[in-house]
Amino acid sequence: MVSFFKQKRQMKQRDAKKEDQGQSKTVDYIESSLSANMEIVKQKTGDSPDIIIRTLKISQDPEIKTTIVYVQGLIDNPSVTDFLIESIMKNPHLSEKILPQKALEVITEDVVSLGGVATVNDWEKLFLSLLSGDSIIFVDGINTALVASTKGGERRSIQEPSTHLTVRGSREGFTESNVTNIAMLRRIINSPDLWIESMKIGTVTKTDVSIMYINGIVKKEIVEEVKKRLKRINIDSILESGYIEQLIEDQVMTPFPTLNHTERPDMVAGNLLEGRVAIFVNGTPFVLVAPALFVQFFQSVEDYYNRFDIATATRFLRIIVFIISVVGPALYVAATTFHQEMIPTKLLVIVAAQRETVPLPAVIEALLMEITFEILREASLRMPKAVGSTMSIVGALVIGQAAVQAGIVSPAMVIIVSITAIASFATPSYSIAISARLVRFAFILCAGIIGFYGMILAFIILIVHLCSLRSFGVPYMSPLAPLNTQGLGDTFFRRPMWAFKERPKLISSKNNLKREGENQRPLPPESRGMKTSTERKGDGNES
Amino acid sequence: MKFFGITILLLVPLVLFSLGMDILLGFDLDNSVKHAFNPFLVKDRAELILFLILLVILVFSFIYRKKKKDNKPKGQQ
Amino acid sequence: MEKAKISGYQLFVLIFLFEMGSALLVPLAGEGKQGAWLVILIAMIGGILLFFVYYALFQYYPNQILTEFVRSILGNFLGRIVAFLYILYFMYLAARVLRDFGETLLTVAYPHVPLFFANAAFILVVIYTVRKGIEVLARTSELFFVLENVLFLTFILLTIVSGMIHLNNLKPVLEINGVEMVKMAFSKTIFFPFGELIVFLMIFPYLNEPQRLKKIGVGGLALSGIFLSFTMAVNIAVLGVDLTLRSQYPLLTLIQSIEVAGFLERLDVYFLLKLMIGGFIKITVFTYVAVTGTANVFNVKQPSRLAYPVGFVILLVSIVIASSYSEHIQEGLSAVPVYIHLPFQVIIPLLLLIIAYFKNRKKSNKHQQHKTELKGGVEGK
Amino acid sequence: MNRKRLVLLLMLMGTTFTSGCWDKTELNEMAIVSAVGIDKNEAGRLVGTFQIINPVNVAGSLQGGGGTNPSISIYRATGDNVLELDSNASTKISRDMYFAHANLVVIGEDVAKEMGINSIFDAFERSPEFRATTRIVIARGVKAKDLVETLTAIDKVSAEKVIKTIESTEKQQGGSITINLQEVIKNLVSSGKEPLISGFTVRGNTNKESKIENTQTSNMAANPNAVGIGVFKDGKLIDWLDGNQAKGTMWVLDRIVNTNVNIDWEGKKDAVTYQVLRQKTNVKPKMKNGKPKMYITVRAEGDIREVNAPIDLASPHGSIDIEKKLAKDIKKDMEDAIKLAQKNKSDIFGFGELIHETHPAYWKKHEKDWDDVTFPKLEAEVQVEVFIRRTGIRNKPYLLDIKKGDQ
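Chains A, B, C and D, in that order, give the protein sequences.
Counting from 313, one number per residue, gives the positions in the first sequence under the numbering used here.
Counting from 3, one number per residue, gives the positions in the second sequence under the numbering used here.
Counting from 5, one number per residue, gives the positions in the third sequence under the numbering used here.
Counting from 463, one number per residue, gives the positions in the fourth sequence under the numbering used here.
Rather than coming from a laboratory, the hints here were simulated on the basis of the structure.
All figures in this text were calculated on a predicted structure; none of them were measured in a lab.
Any given hint could turn out to be false.
Below, computed lysine to aspartate or glutamate pairings styled on EDC-like, alpha-carbon distance capped at 20 Å [stated by the list, open to error]:
{"#": "1", "chain 1": "D", "residue 1": "K742", "chain 2": "B", "residue 2": "D30"}
{"#": "2", "chain 1": "C", "residue 1": "K37", "chain 2": "D", "residue 2": "D774"}
{"#": "3", "chain 1": "D", "residue 1": "K730", "chain 2": "D", "residue 2": "D863"}
{"#": "4", "chain 1": "C", "residue 1": "K278", "chain 2": "A", "residue 2": "E653"}
Per the computed footprint, the stretches of chain A lying under chain C, defined by three or more beta-carbons under 8 Å from a beta-carbon of chain C, are [to be verified]:
{"#": "5", "stretch": "572-583"}
{"#": "6", "stretch": "772-782"}
{"#": "7", "stretch": "793-799"}
The following label-pair restraints were derived from C-beta to C-beta distances [what the hints assert, rightly or not]:
{"#": "8", "chain 1": "D", "residue 1": "P838", "chain 2": "B", "residue 2": "I10", "range": "48 to 58 Å"}
{"#": "9", "chain 1": "C", "residue 1": "N212", "chain 2": "A", "residue 2": "I683", "range": "46 to 56 Å"}
{"#": "10", "chain 1": "A", "residue 1": "T797", "chain 2": "B", "residue 2": "K4", "range": "42 to 52 Å"}
{"#": "11", "chain 1": "B", "residue 1": "K4", "chain 2": "A", "residue 2": "F753", "range": "31 to 41 Å"}
{"#": "12", "chain 1": "D", "residue 1": "T553", "chain 2": "A", "residue 2": "A708", "range": "43 to 53 Å"}
{"#": "13", "chain 1": "C", "residue 1": "N172", "chain 2": "D", "residue 2": "I674", "range": "29 to 39 Å"}
{"#": "14", "chain 1": "A", "residue 1": "I662", "chain 2": "B", "residue 2": "L18", "range": "35 to 45 Å"}
{"#": "15", "chain 1": "A", "residue 1": "D388", "chain 2": "C", "residue 2": "A8", "range": "51 to 61 Å"}
{"#": "16", "chain 1": "D", "residue 1": "E591", "chain 2": "A", "residue 2": "A708", "range": "39 to 49 Å"}
{"#": "17", "chain 1": "A", "residue 1": "I683", "chain 2": "D", "residue 2": "E841", "range": "25 to 35 Å"}
{"#": "18", "chain 1": "B", "residue 1": "L18", "chain 2": "D", "residue 2": "D617", "range": "50 to 60 Å"}
{"#": "19", "chain 1": "D", "residue 1": "R465", "chain 2": "A", "residue 2": "N389", "range": "52 to 62 Å"}
Every residue, glycine too, gets a C-beta built ideally from N, C-alpha and C.
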């Protein structure tokens with residue numbers, strides 16, 4: 313019994329020791345002697361070959377030695393070789409006698425002709441800038457180092473985005489580098505109110521993440537909320553904006569996305585103008601936009617470029633497509649197994665004939681076909697492009713046709729499943745298509761257990777769940793559920809451009825809702841309706 | 003335990019309430035008692051299993067919350 | 005009391021859906037025969053008068069729910085008893101609606117499914133919603149309001165298009181004279197859909213603009229009253245009085261007889277959808293109110309923890325209240341209105357109002373003037 | 463080193479080829495038997511009829527055509543015992559018969575009556591191919607051969623039709639009983655329970671049933687259907703239970719799923735029909751002054767399905783009398799069934815087993831003469847409770863309103 317208590321005391325002591333070690337991180341400073349500094353740099357970076365250390369001599373009689381340290385590949389070669397190394401070697405100032413202490417000021421003022429130059433004296437910040445592409449200048453005998461910003465290196469050029477393809481609209485897609493992405497946004501919205509706040513997240517990777525919003529349009533609370541959540545992240549690495557999305561989203565246990573991600577700068581610009589906040593993550597072309605609402609996943613960028621009638625038509629189509637992809641197979645299962653009186657007689661006879669020789673019950677058949685389709689989809693996704701297309705042809709032909717001929721699956725089921733599959737492709741944003749797929753399986757199971765009643769229960773739970781979600785404090789179903797008629801203009805219908813008076817109320821800040829001036833409706837002279845004014849010269853019938 | 007008390011305190015009067023309604027309807031006492039409890043007599047297996055599951059969840063909902071409440075104060079000093 | 009707020013429109017929708025819950029399906033005010041729709045309208049007016057009583061009570065205690073202000077009126081000990089009785093009343097009504105819903109489902113679509121399974125599945129969904137709170141319920145009811153109306157309008161449109169309406173079924177309207185109709189209205193129909201509005205005394209404090217409450221309450225009642233009487237009129241016009249009274253669910257018989265353009269037929273599954281939405285809102289409101297009430301009376305910190313036990317009790321009671329459907333309906337038509345609705349919806353609220361009136365008279369005269377002529381109106385009923 | 467591994471590999475591959483022919487039978491080398499019929503010819507030898515499925519004709523029907531030639535073919539063989547039937551039949555069939563899918567065994571009435579079924583089932587039980595869940599049926603009024611030969615319209619394979627018909631009659635009407643091989647043998651062995659096997663017959667002129675034209679006409683000339691339950695004593699068929707007797711027995715055996723019970727009302731015959739949705743019967747023996755007494759309690763729940771008498775169903779008081787009448791009706795059926803079984807001196811209800819379970823001492827004393835002495839004198843008290851749950855989507859019958867007119 314005694315040992316038990318002893319053990320407990322030790323455990324308590326160990327915890328206590330561990331705690332205080334974490335807080336006071338020892339901040340180690342740069343040495344003054346150059347060789348010691350170099351030792352530390354080599355030892356810290358494990359002497360990896362791409363860390364270049366270039367030593368130079370400046371000033372004659374006291375022979376001061378300086379070294380320039382940079383990471384090969386991260387730096388922009390011409391700027392380092394011409395402006396840094398060459399200017400230090402050849403510069404007349406450095407050739408005569410300089411006192412070691414003043415050497416650094418001389419280099420900063422009249423030698424290095426680069427933009428960002430700063431002094432740094434502790435190793436932690438030094439390595440941070442070294443590994444993000446800056447070059448570091450040490451001078452023997454001085455315990456501070458000079459950081460010159462020479463970021464560069466190969467970057468993928470701006471190409472067409474692979475997701476969210478649109479017929480009309482800009483062809484530019486984001487790239488992996490944060491800087492280019494932010495620059496692209498700057499080109500679209502060139503107003504000084506476009507503010508950016510960046511921070512480093514990830515203890516090991518130290519990826520730089522920046523928040524962008526339009527001051528004046530955005531709601532202060534939302535920006536604070538985003539910043540608070542980003543600050544809370546304590547993780548070793550951020551490799552993709554997906555990490556951040558999963559770490560700062562409102563509700564974890566939900567198949568529905570509460571953050572929207574996109575590759576298109578014009579889409580991010582549109583969202584920013586509506587008062588949302590964009591989160592750029594270095595190393596991924598996908599930019600997060602928060603808060604994202606349910607109706608937003610049925611809007612594609614192209615709706616705003618086309619005229620409002622075709623845009624409204626496609627919006628309605630998208631809603632129907634989403635409903636089909638969720639309810640389609642479940643309705644078939646419920647109708648054939650529980651509510652046969654629902655199907656008109658002629659159709660019932662056809663389906664009955666097909667299902668006569670099918671050995672499996674409708675539920676199992678539906679699940680089987682759905683799973684086969686998921687396998688096909690996953691296979692064509694993971695295979696390299698060349699093989700991918702053949703995969704889907706083989707899959708569709710062989711499995712679909714043969715299964716029906718063999719009488720294992722009824723043709724009606726194949727039709728239903730393929731329509732549902734195409735429907736799930738047709739939804740504009742990929743993340744809502746994923747949640748549709750998950751919800752569809754739940755609906756099929758409910759329909760299999762207790763038919764239409766099960767489906768209605770699942771439907772009610774779905775609606776309640778959706779209404780309980782919030783994205784950064786904004787109710788998820790906002791223009792519909794807490795009804796604001798002004799917001800309705802942009803959900804299932806898309807108001808004509810000249811009628812888009814205000815920004816969404818709940819998202820953009822209260823006092824700056826006006827978006828357009830008055831009577832923006834185009835008014836060409838008298839091309840519409842009866843000719844009432846006599847101003848125009850000529851008789852009007854040019855035939 | 004408080005929740006268990008509340009559940010019983012709600013269940014018993016309501017059952018008496020419904021028995022009272024049967025009597026007001028003109029049935030005599032034992033007939034209405036029979037009428038009240040005969041739906042429970044004829045049970046499929048599935049119904050029985052579902053009933054037991056719901057009971058277990060009920061008991062679990064009492065105990066579980068209690069434990070969480072207990073270790074919450076201990077967990078974060 | 006939950007620290008939540010709901011908007012005026014949301015309350016209006018809640019009241020409308022609540023009234024249209026199961027009242028739409030059962031042959032309402034059947035004894036009125038051809039004049040049934042008139043009886044419903046009269047009952048609606050009665051309902052509005054009752055609403056004024058509740059409104060007056062709300063005026064006295066604007067930010068206290070029923071179980072709280074009962075205690076502040078009758079004192080802690082007696083108030084707590086009456087509050088507990090009201091919780092039992094709400095749970096009993098929730099059980100009745102759940103049983104009604106389960107029976108309809110089994111009769112219409114699933115004869116071999118055990119009743120316990122149908123009710124259990126439904127109550128689990130209700131518990132899920134109640135745990136989320138009033139705001140989520142309000143938002144869901146907004147969405148369901150749109151769906152319910154779309155369904156309702158399509159049904160009416162289809163009935164008219166399929167030309168089944170024979171207005172002469174409604175004649176002779178005044179076969180039963182006016183006085184008898186009023187007696188009929190005030191003895192039964194006033195309690196069933198309209199009187200149940202007392203439940204909202206537990207929800208009114210959540211409204212974020214209390215001054216619009218009078219307009220919302222009367223509007224909700226009026227609209228649902230008109231919808232109900234219109235449906236009953238259409239029922240009788242299409243099916244005739246005998247068939248309407250003989251079928252357990254006249255609306256279902258009506259929908260089954262719709263045959264338009266060859267393929268728009270066999271719609272009874274949509275009847276199921278309409279039934280479930282109405283039933284869902286009604287039972288969730290009752291359960292929510294019971295949960296907040298119990299949490300209030302037994303001062304439990306988190307009410308959502310109470311949702312499952314209360315739901316489970318409602319489920320058990322819904323099985324116990326009757327052994328057969330005819331017993332359930334008979335109870336609902338004859339015993340419940342007189343022995344339960346009358347006291348809880350009329351007598352106790354009036355008593356509370358009178359006591360509150362005297363209690364507050366001492367407090368402030370100006371406030372009191374406004375009260376007297378309002379109460380005067382109510383007395384004159 | 464790798465040469466040794468190479469040799470080992472070769473040897474392994476070699477074994478796979480040589481062992482090619484042990485138990486491997488390709489699907490097209492086997493004759494799938496779907497039903498077996500057993501009759502007795504005059505000389506007292508067994509006649510076996512095997513129903514073989516022609517897979518091509520069954521599956522073919524999906525593409526429309528192929529409906530013309532029959533989907534089953536019949537082979538007959540005679541022999542002294544069941545195994546001999548199988549080996550003699552192989553002279554007629556090109557492939558060896560595969561019995562794992564023989565879901566139906568039809569016993570001829572004459573075999574069941576004279577020879578008894580004790581000696582039949584051993585081969586079936588012992589063979590690994592035969593499934594224990596094969597259904598057993600007695601051919602009543604016809605030869606087993608006729609039943610196995612019949613071609614059926616809806617279900618392509620006639621064995622399927624027979625099994626499904628028995629299951630649906632048991633479920634819907636409670637007039638026949640699905641019994642599989644295992645249960646029959648269990649009952650044969652047990653001294654406290656006698657087996658019950660459903661009867662099946664072919665109505666209409668029996669010689670046309672094996673022609674394909676038979677299935678082409680809408681109302682088939684020869685139509686197989688289920689009829690009654692066969693009662694056995696010491697392995698021999700002694701009696702048939704029909705209509706209410708069969709139903710009464712099924713009530714006691716707690717095998718009623720949903721059946722219709724109709725009662726007379728105010729002199730009008732079969733005025734109210736009640737469909738049982740769910741029921742629970744439990745049988746408990748209790749010793750009363752030395753002699754066992756069976757207490758059988760039945761609780762049934764269901765809906766009123768048909769009312770052609772002016773009863774106001776809306777009021778619950780009315781339904782109480784209906785419930786009483788229904789209970790009395792069911793009680794009478796059950797008591798008749800028990801009396802009939804006691805007259806036949808065959809304990810088909812398994813009362814003996816129950817007493818064996820609860821009062822082993824008494825059972826040891828009376829086991830030997832159970833069927834003949836103690837069972838016929840056994841007292842049984844039946845107590846039935848019936849609950850009416852719903853009355854369909856109408857409450858009062860329209861008859862109530864017509865009452866004003868004629869009546």
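Verification of the supplied hints:
no.	hint	in the structure
1	K742(D) / D30(B)	26 Å, violated
2	K37(C) / D774(D)	18 Å, holds
3	K730(D) / D863(D)	18 Å, holds
4	K278(C) / E653(A)	18 Å, holds
5	572-583	violated (count 0)
6	772-782	holds (count 6)
7	793-799	holds (count 3)
8	P838(D) / I10(B): 48 to 58 Å	53 Å, holds
9	N212(C) / I683(A): 46 to 56 Å	48 Å, holds
10	T797(A) / K4(B): 42 to 52 Å	46 Å, holds
11	K4(B) / F753(A): 31 to 41 Å	40 Å, holds
12	T553(D) / A708(A): 43 to 53 Å	50 Å, holds
13	N172(C) / I674(D): 29 to 39 Å	59 Å, violated
14	I662(A) / L18(B): 35 to 45 Å	57 Å, violated
15	D388(A) / A8(C): 51 to 61 Å	57 Å, holds
16	E591(D) / A708(A): 39 to 49 Å	41 Å, holds
17	I683(A) / E841(D): 25 to 35 Å	60 Å, violated
18	L18(B) / D617(D): 50 to 60 Å	55 Å, holds
19	R465(D) / N389(A): 52 to 62 Å	59 Å, holds
In the structure shown, a violation is registered for the earlier hints numbered 1, 5, 13, 14, 17, in ascending order.
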